[in-house]
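Take a look at the letters that make up each chain.
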Amino acid sequence: MSHTPIHRRHLLRGIGAIAVGLPLLEIMDGLDENGLPLTGVRRARAASAPIKRYIGLMVPNGIVPSTHFPTGGETDFVLGASMKPLNGFNLPSFEDYRQDLIVFKGIDNVASMNSFGTPGSGSGHESGPTTLFTGAAKLGTKEGRDTWKGGGPSIDQLIAEQIEKDHGAPFPIKSLLLGHTNGADWFGSISFDANGTYLPSSGSTSNTFDTLFGSGNLTDAERQAIRDRRKSVLDGTLENFQRLYLKASVADKVRLKEHMDAIRDVEMRVDAQITCTRPDKTKYMDLDPGNGDGKNLPVWSNLMFDLMTLGFACDMTRVATFVFRNCGGGGSYLPFLGWADGTGLNGSAYDAAYATGEHHEMSHRVGQAEWDPELTKASAFFNGSTALLAQKMKAVTEGSGTLFDSALMLQSSEIGTGGHNNDNSPFVILGNAAGSIRTGRYLNYTRSVPHNDLLLGVMAAMGLSATTVGDAGLCSGPLKELI
Amino acid sequence: MHLDTRNPRHRCALPARGWLCSLTLLPLTVLGLGCTAQVKPSGGTSSASAAAVGGANSNGIQSAGGGGSTVLGSGGCGAIVPTTCNQPYPGEAPIRRLTRAELNNMLADLLGDKSRPADLMPTDSVRFSYETSIQPHGISAPLVDQYMQVAEKVSLGVLSNLDSTLPCQPANGEESCAQAYIAQLCKGAFRRSCSAEDTAPLFAMWQKGRAAGDFKTGIQYLVEMVLQSADFLYRPEFGDPASAGAGFVKLSGSEVATRLSYYLWSTEPDAALTMAADAGQLATKEGVATQAKRMLQDPRAHEAVQRFHEQWLGLDALATVAKSDTFTGFNAARPLLKAETRAFVDALFTENSDLGTLLSAPYSYSNDALESFYGLPSPGSAQAFKKVPRDATRYAGILTQGSFLAVNGKLNQSAPVMRGVQVLRQVLCADLPAPPPNLKITIPPPTADTTTRARFEQHENDPACSSCHQVIDRVGFGFEHFDAVGRWRDKDNNLLVDASGALMGTDVDGPFNGAGELGQKLANSEQVRSCYLRNVFYNVHGRPPTAPDRCSLEQLQANFKTTQYTLQDLAVAVTQTDAFLYRTPVTP
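In order, the protein sequence lines correspond to chains H and W. The first sequence: position 314 = 1268 (the working numbering), numbered continuously. The second sequence: position 248 = 264 (the working numbering), numbered continuously.
The hints are simulated quantities; they were obtained by calculation from the structure and are not laboratory data. Owing to the predicted nature of the structure, the values given are computational and were not obtained by experimental measurement. Watch out, some of these pointers could steer you wrong.
[Claimed, not checked] From chain H, some residues computed to sit far from chain W (all C-beta separations above 10 angstroms):
hint, residue
1, THR1029
2, ASN1044
3, GLN1053
4, GLY1150
5, THR1173
6, GLU1176
7, ARG1177
8, GLY1190
9, ALA1202
10, ASP1206
11, ALA1216
12, ASN1250
13, PRO1252
14, GLN1345
15, SER1402
16, GLU1435
[As the list claims (entries may be wrong)] Taking lysine to any residue and the SDA-like style, the derived pairs with C-alpha atoms no more than 25 angstroms apart in a straight line are:
hint, chain 1, residue 1, chain 2, residue 2
17, W, LYS339, H, ASP1326
18, W, LYS339, H, VAL1253
19, H, LYS1249, W, ALA220
20, H, LYS1185, W, GLU168
21, H, LYS1211, W, ALA220
22, H, LYS1211, W, THR603
23, H, LYS1201, W, PRO252
24, H, LYS1201, W, PHE219
25, W, LYS403, W, GLU387
26, H, LYS1237, W, SER131
27, H, LYS1249, W, ASP135
28, H, LYS1249, W, ASP332
29, H, LYS1201, W, ASP135
30, W, LYS232, H, GLN1178
31, W, LYS339, H, ASN1250
32, H, LYS1211, W, ARG116
33, H, LYS1237, W, ASP135
Every residue gets a Cβ at the ideal spot worked out from N, C-alpha and C, and that includes glycine.
Throw the hints in and build the complete structure from the sequences for me.
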């Protein structure tokens, strides 16, 4: 599925709108420690169309069913320990957002199971991230990493395109993709474009800041000069590509076309520059999640969620994705949970040499009484951090409400549990996208529901009506129970 | 202005398929069947009996004479699967985009920007492929946005130092000066002589910038455009039409020069190479070999060789692999472990040692700090890495260096499975299936009286695991004398280590005791030699070899044997193959 090109003419209309747009956003509570008034100018929009924002999140290595799934019914449900406050951490919890929550049970990531060509041959960590938000079986072979492709676009891209279409103009950033991976890795990439090409995420707070505010604090004339230059340069670049394209082989034409489409996408956004005041960068410098060492994870995710909130507040984008850690082996050493070197295991009888303190390794022991409380701590940390994003968005006023009113966060894991299963994918929704869905519920499906229908339901809530997403054979239609 | 390029006619594959043409040539992986005792050489779809002995199909690809041509088809996209090697058979030659490292080097060589601006971009590959891979993950808008940011940053640097860059004085005529600069920039950036067709649009771009500001603004527009253009970011090849034959065309001199330069130096050709190309000296294999030998002496070639070996064994993870704090000194040792492998590889390459030595050498390169970390006697060298002896019964060249063992080690314990898998996959090119779905891993926890080995032997008692894990673990157990960070140990959990193991489904099957004996077996394996060639080919050509590459691989294989498996000779031999000197004809 290819996105609808937005022509320069539409774009110019967008610019005109910027010039006369009303400054709707005046207060950025709790975001700017330097006392700078961060004022953004929101593009003009029809008063009747509410703003909606989508955030997709992946937590690694599954959950603990006994503490993740609530007890009770659709509305009288009782949350488990994974969704309650985590001792010793200054984080909100899903329990604080009970009325904004939908917890799902019985949603299966069938596309993951169907990956690599043979139904049933897919396996959690290898195919889970690629399928989680595409609903399409992963292409390529299990170990042929160069052949890795998404089976189609992820819904964050589809939703971003729909929102821009409704908006009538592109945003400066189509989608803000943040995550541990900082590049290509099938254990941590969840966003894919229409070609099934993975979209690189940023793991660097400093680079993310520059992406958001690189052109901040410029005069109007300086901004216009940049726009003019970029447009001329990108036009010239495209002409160069076209000359080579005509001469290239059939197979290379496909590659060059992909590049040219991407240039057009960038060019389309040249005019959409922000007018937010550039905040102070100091606290966003030089901190990344570390690859093997997760010591910085709480600080890093907190800063990334700050930046994401700023990006939304300045209307740089309406869509974001976030990956806490790559899934699978070796990447999730979480010493801040008291796991360093196997100490702090609450008197567990296990040999210290065995208790690796590594989340993925531990997740294999899910269901064992000694380990479930430890794994639950990890879940409570991830869920609490997502709740923190909600809290940050709630601290920013927008119109008569807050940014959070516009949000729909869709979170899950690449696997159900550390048993590498793809049934009972632990989907959670936080936020109702301006009243588009009914939250405060536990939806416990007794039949197996391919997660495609949930993705369709979320797309519908975000204004994108479709009957299939990903593998059409897995789709019955948008999950009706959302509304 | 924009031509319609939205619907290219392509008969090969859909754009959604990663490898495009090559995809149709990829080996069919048998999935879901579990392992047998036989390990198929990857790339082969041949019968288990042939595959069980690597030598029977030792080049690691489907042979055309067998069932290969029916499985693999005609090679798609114009590449012919040869039955006899009576003419050049080049295989696929997809257009190559600059890697991050190549872009950094180009910006330094072309524009003097040594700040490695492309490091901001995402990494080029994931573990166990090569940075030079044709980037099948494709290109996306965020990546193009980053190209734009790199170009803008670099162009500002050019402007700040323009006077020393320009071959002329703008005051003496801006337009003629811009033309002179364009002539200079174009040849370097596009790696070939530029025609009016190339330079006219560049001059027009300068004029646009000039109109928006001054002379310098024109240069800014120009440089930004050049650095984002297809002719710069990609390396197009068309071949010399006069030399076209059935399914092949010989590359032009400048195209061969560019291939040589990116293969050995990861950057544009130098003046000597360009001159050789202009003088027609790259039209013969001898001329190409002469240049390759010259270039191998350059430090950039040594860097390329080291990078290849680091990627082959997935050693980049050394920088980030997590280890328990109980391994005091590991963080300080990370760069030393990397340097050890680099020094070792570099010495072997410089001495033109053979592949067997790489996998079995009873020596390494180390300094006082690193030997102290290993718990070995000080070699008396505070900084420099000097040759240090190793016990041949215990050590096996690169495979017993801390870099390989720590990367393939858990947070605080050894990892027989990881080590076994990497030896089988990367050194022997065995095709191991991934674990089956819904796998419940039930390795029992350690007690005071079990070793790591004893716990993993549980795999063999569980029928769901045993078919694969008896193959994997018995290789990995050979490394049990090395702990999570690669230090020798006699005991594991206070019990004596048992490092006996066995190779199964290879051409060097049989029992061995410890890494030393494993290394000896690997050093004499035809399957290992073929696997190594396969990896070298992958790195050089940005794709794994496929059926149409049969003749090139046979050329490499024959040469490798003649030169007694020596590494420098192999590096030259790579440049003598059909795959390196020819390409498939370009039909737009």
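| query | Is it true that the CA of LYS1237 of chain H sits at most 25 angstroms from the CA of SER131 of chain W? | reply | holds (24 angstroms)
| said: For GLN1053 of chain H, is the shortest CB-to-CB distance to chain W above 10 angstroms, so the non-interface label stands? | reply: holds (35 angstroms)
| task | Please confirm whether ASN1250 of chain H is truly not at the interface, meaning its C-beta sits more than 10 angstroms away from all C-beta atoms of chain W. | result | For ASN1250 of chain H, whose nearest Cβ neighbour in chain W is about 13 angstroms away, the distance exceeds 10 angstroms, so it holds.
| query | Is ALA1202 of chain H truly not at the interface, in the sense that its beta carbon sits beyond 10 angstroms from all beta carbons of chain W? | reply | violated (6 angstroms)
| Quick one, are LYS232 of chain W and GLN1178 of chain H close enough, alpha carbons at most 25 angstroms? | Measuring from Cα to Cα gives roughly 18 angstroms; hence the hint holds.
| task | Compare the distance between the alpha carbons of LYS1211 of chain H and THR603 of chain W with 25 angstroms, and conclude whether the hinted pair is satisfied. | result | This hinted pair holds, its Cα atoms lying about 16 angstroms apart.
| message | Next pair to validate is LYS1249 of chain H with ASP135 of chain W; report whether the Cα-Cα distance is within 25 angstroms. | response | holds (24 angstroms)
| 25 angstroms Cα cutoff - pair LYS339 of chain W, ASN1250 of chain H | Holds, at about 16 angstroms.
| task | Grab the minimum beta-carbon distance between SER1402 of chain H and chain W and tell me whether it stays above 10 angstroms. | result | Correct as stated: the minimum Cβ-Cβ distance to chain W is 14 angstroms, above 10 angstroms.
| said: Does GLY1150 of chain H clear chain W by more than 10 angstroms, comparing its Cβ with all Cβ atoms of that chain? | reply: violated (5 angstroms)
| request: Check the non-interface label on PRO1252 of chain H: least C-beta distance to chain W beyond 10 angstroms or not. | output: The claim stands: PRO1252 of chain H keeps its Cβ more than 10 angstroms from every Cβ of chain W (closest is about 17 angstroms).
| GLN1345 of chain H and chain W, when compared Cβ to Cβ, separated by more than 10 angstroms | holds (28 angstroms)
In terms of the numbered hints stated before, the structure departs from hints 4, 8, 9, 10, 11, 19, 29, listed from lowest to highest.
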